[in-house]
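**Student:** Residue strings, one per chain:
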Amino acid sequence: MKKLINDPADVVSEALLGMAAAHPDRLRVDHDHKIVYRAAGPREGKVGLVSGGGSGHEPMHGGFVGTGMLDAACAGEVFTSPVPDQMMAATKAVDGGAGVLHIVKNYTGDVMNFEMAAELAAADAGTEVKSVVTDDDVAVQDSLYTAGRRGVGVTVLLEKIVGAAAEEGRSLQECADLATQVNRAGRSMGMALTSCTVPSAGRPTFDLAEDEMEIGIGIHGEPGRERKPLAPAKDIAAMLVEPVLSDLGLSRGDGVIAFVNGMGGTPLIELYLMYHEVSQLLEGAGVSVARSLVGNYITSLEMAGCSVTLLRADDETVRLWDAPVNTPGLRWGA
Amino acid sequence: MKKLINDPADVVSEALLGMAAAHPDRLRVDHDHKIVYRAAGPREGKVGLVSGGGSGHEPMHGGFVGTGMLDAACAGEVFTSPVPDQMMAATKAVDGGAGVLHIVKNYTGDVMNFEMAAELAAADAGTEVKSVVTDDDVAVQDSLYTAGRRGVGVTVLLEKIVGAAAEEGRSLQECADLATQVNRAGRSMGMALTSCTVPSAGRPTFDLAEDEMEIGIGIHGEPGRERKPLAPAKDIAAMLVEPVLSDLGLSRGDGVIAFVNGMGGTPLIELYLMYHEVSQLLEGAGVSVARSLVGNYITSLEMAGCSVTLLRADDETVRLWDAPVNTPGLRWGA
Amino acid sequence: MADLQSFQGWMADYAEVVKEQADYLTDLDRAIGDADHGINMARGTVKVAALAEAEDFASSEAYLKKVGMTLVSTVGGASGPLYGTFFLRLAGPLAGVADAGVEEVGAALRAGVDGILARGKAELEDKTMYDAWAPALDAYATATADGADLRGALEAAAAASARGRDDTLDLVARKGRASYLGERSRGHIDPGATSTTLLLESAARTLA
Amino acid sequence: MADLQSFQGWMADYAEVVKEQADYLTDLDRAIGDADHGINMARGTVKVAALAEAEDFASSEAYLKKVGMTLVSTVGGASGPLYGTFFLRLAGPLAGVADAGVEEVGAALRAGVDGILARGKAELEDKTMYDAWAPALDAYATATADGADLRGALEAAAAASARGRDDTLDLVARKGRASYLGERSRGHIDPGATSTTLLLESAARTLA
Ligand SMILES: Nc1ncnc2c1ncn2[C@@H]1O[C@H](COP(=O)(O)OP(=O)(O)O)[C@@H](O)[C@H]1O
Ligand SMILES: Nc1ncnc2c1ncn2[C@@H]1O[C@H](COP(=O)(O)OP(=O)(O)O)[C@@H](O)[C@H]1O
Ligand SMILES: [Mg+2]
Ligand SMILES: [Mg+2]
Ligand SMILES: [Mg+2]
Ligand SMILES: [Mg+2]
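Residue numbers (my numbering), protein chains in the order written: chain P, 1 to 334; chain F, 335 to 668; chain W, 669 to 876; chain A, 877 to 1084.
Careful, some of the hints might be misleading.
[Stated by the list, open to error] Mimicking DSSO-like on lysine-lysine, the simulated pairs with C-alpha atoms at most 27 Å apart in a straight line are:
#1 W:LYS687 - P:LYS92
#2 W:LYS734 - W:LYS789
#3 F:LYS336 - A:LYS895
Because the hints were derived from the structure by calculation, they are not lab data.
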């Protein structure tokens, strides 16, 4: 395992020390609870947005804390959901009187831990908490009898869009409804060229031959649905875009936010190349791109690969997307 | 070789298609000449800033084109400097009447190609051209009898700072002087955990055992000065920071812009962890951090590793650093 | 009969077992999950093992509640809330019981597993830890009906749990992370079922 | 005697050689540079080889100038301006010369190498292509003085160049990318010196 780390057990806490040191103007970190907060603290009357999950997906979620996006992010161990204590502490700390929205990616662990936190927070302090669970990964069959689709790329777009809505002063119910609507309007599909190595595990989660790739991976080094022979970018783009298009039921004339995300170990030059392929496919399908995002936003440690997320975007969605945001990971208009 | 590409020969041109598609509001790409321009075109009376170099360092340089930074970036093949035709075309296109500054990283190829371009541009159109050559890499001994130090991380900081000065309407001479001054005030040192693979070469530039690292690498997959046993992040930070501190002659009370840069394949969680180590070392040396930058800004394809750049920063430097910038790779205040 | 001290002995023993088997559990999770089950469990059981030294507990109930809270607060992932809830609920039927016999421990185990079901909503053959718990409860009940003592009932439960764990090999996962693999999850033993069997084997060694 | 056609033959031959040796040149550059010398050279020589078909040239001078400009415009890196300048300057002494003899070609080669020096400021034993050019010029001059014809002089130059190339093995680089390696650059042959020797060997085969 080749990583810029000290003791594998300290990776998350030391990275949080680095985040705090690098962004003292914008972030405050509770190192005991491993929570990243806005430096400015909660705003009276604004709905608080709390997210969190396993670490190893940086900049998500800690890098999305700041004006126009999250109020707090709970960092779990690498690829392990945070624990209810963290979520309870974060929930209390960001409550500005208008309630708190939990943004949870659909993984059994995340869902159960956030659920326990919400139960405990409700019993305890009386903070009003609502939750939205993102589940946009079309690689996974959605069914009442399974864990359901995973939450992946849409989570980033949702945190931005609902963050803007909360900033405008919308109520908890409105924020929760918007979040549900954004989650329904987006789908993702990912692939990996290489595995990643969880620091405390010390070796790659899966092995891929030099001429193989995994299609339909999640963001935790889980193997994907299918192992396939390595293919040109053009073909890979088709394997990602087509299931998303058909699952979303997009048709000619629809507008989207198109998001090509790197898994952490793929350089930007390849992501732009992929974005070209994706935009060609969208053009071919008559889908117009209202806004785009290309880069490493929801990653899987040093995994090489990418995911494509499409979010159906009406004017209001685009307006909220364009609203100012000032976080370490996403910034414009501020 | 596992990459998200089609034909290795088309990587640069297809990535440029992707950049153009992803940033239509901010960038315009001349695909024949492989030049990235601001969508808005040259501003009358503003000094034009042109940089360029081999591709594979994304977001540098194309991602640094936009308000507050570059006017044009010439993209060479991967790790190969662009050719004079490109620089001449860019120089002519961005001349707003106040002359053009070439920002060149000190590599034999880059320097010679930019030199030829400046000679040809002067003979040809009468555009006033000045050049600054960045050479901040302390891994390389500087001497009249060698190719001299390489230009690395300082280039990013310089493009931002001089970009702000040009935006303020400073003259070509003032911009060139400021650029020289910034280059003198900054030093860098880099290391690699893994090699990278040039697409057209198809296999890694160098081999590193599982327990080895290279200290003093450049940004082209060149092997470094020394191969060492893999070490904890804390020790690696010391190997990078100490030579930079001593070469810059920094002493207690000095302020810096501290820049921890990823080489492309190292995830953000590790870069933040490294930033923590770096900031501890600076604190120990009594050097205060005025501003910081952590992320992948001047990369070496998918190489795992990082570099540390320190730039001595007075109030004026910090003011120019803080000025609005709106490029795909660096954005704030706009 | 199981008293506070035997429950503490159980947790001390289990912490040792998890430490030894952590890599194995993680490897199982590498095949069909995210390669952290052993790490998660070890993070929690180390803290649990330290409880007895740090604090005096008034009762088995208080102690097991604290075990549950500690697991919830340290393990994370899916197994944290599941094992945490198990111990929180396990404590209930032991309220006011200083020395638990085969009946009381049986009621406690059932309550604990009900907690796992309430939290995780798994069904039989979803390829989760429940597939190691369900046959264990049945075997425990049968053994009790047949007049077994606590040790005998726990041994029957552990043995049945091991069979349930082994039977997860051929299942296609429908809950948890492994479910993302669909057919590819077949041919691997479920990590959580494995840590469950270890927990019951440890109980059979240490309780009574 | 070398005329427009033989210069075109030279470039056609060299393009073939570079195509065949591209991987080798790149491998040399992988050891002490950035693994692209063969790729760079091939990108340029392919374009150069296509010139003769695409365009009619009035003279050797015009053709070689275009060769130089083409290399400058396509090769990039260090070798682009260096080989580009070489051909641009090579053309000068051939102005008005339809059939160049051993003297004229000698003057042209010297002018070309002066261009490389002006552009790259290399000195002997800096471990660059100049270490393959310098002995070649000397050998060419000696052979000419000894009465050799064009082919003989070029053969002597190519042989001397090969020795110069081989001697770069033990040198520590002081120019170009390899200089960053310091002592570690020792023990490897310089890629540019290798492509230079190939160019001269090709000249000995095709000119005269
Ligand atoms: N819904 C569920 N009900 C019961 N057990 C479950 C459920 N989901 C997952 N599990 C168990 O959790 C185990 C995985 O735990 P662990 O690896 O620690 O958590 P995570 O999957 O979050 O990484 C699985 O092997 C399975 O036995
Ligand atoms: N200053 C110089 N003078 C002469 N030749 C040089 C000089 N610098 C580099 N070279 C030659 O250029 C060769 C490298 O060319 P190439 O790999 O194509 O360019 P780059 O180094 O830009 O990748 C070296 O092997 C060396 O022979
Ligand atoms: Mg996990
Ligand atoms: Mg090169
Ligand atoms: Mg797991
Ligand atoms: Mg080279």
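**Student:** Work down the list of hints and note, for each, if the structure agrees.
**Tutor:** To see whether the hints hold, each was checked on the structure:
The straight-line distance between the Cα atoms of W:LYS687 and P:LYS92 is roughly 35 Å, outside the 27 Å bound, and the hint therefore fails. At roughly 24 Å between alpha-carbon atoms, W:LYS734 and W:LYS789 fall within 27 Å of each other, so this suggested pair holds. Proposed proximity of F:LYS336 and A:LYS895 is supported: the alpha carbons are some 25 Å apart, at most 27 Å.
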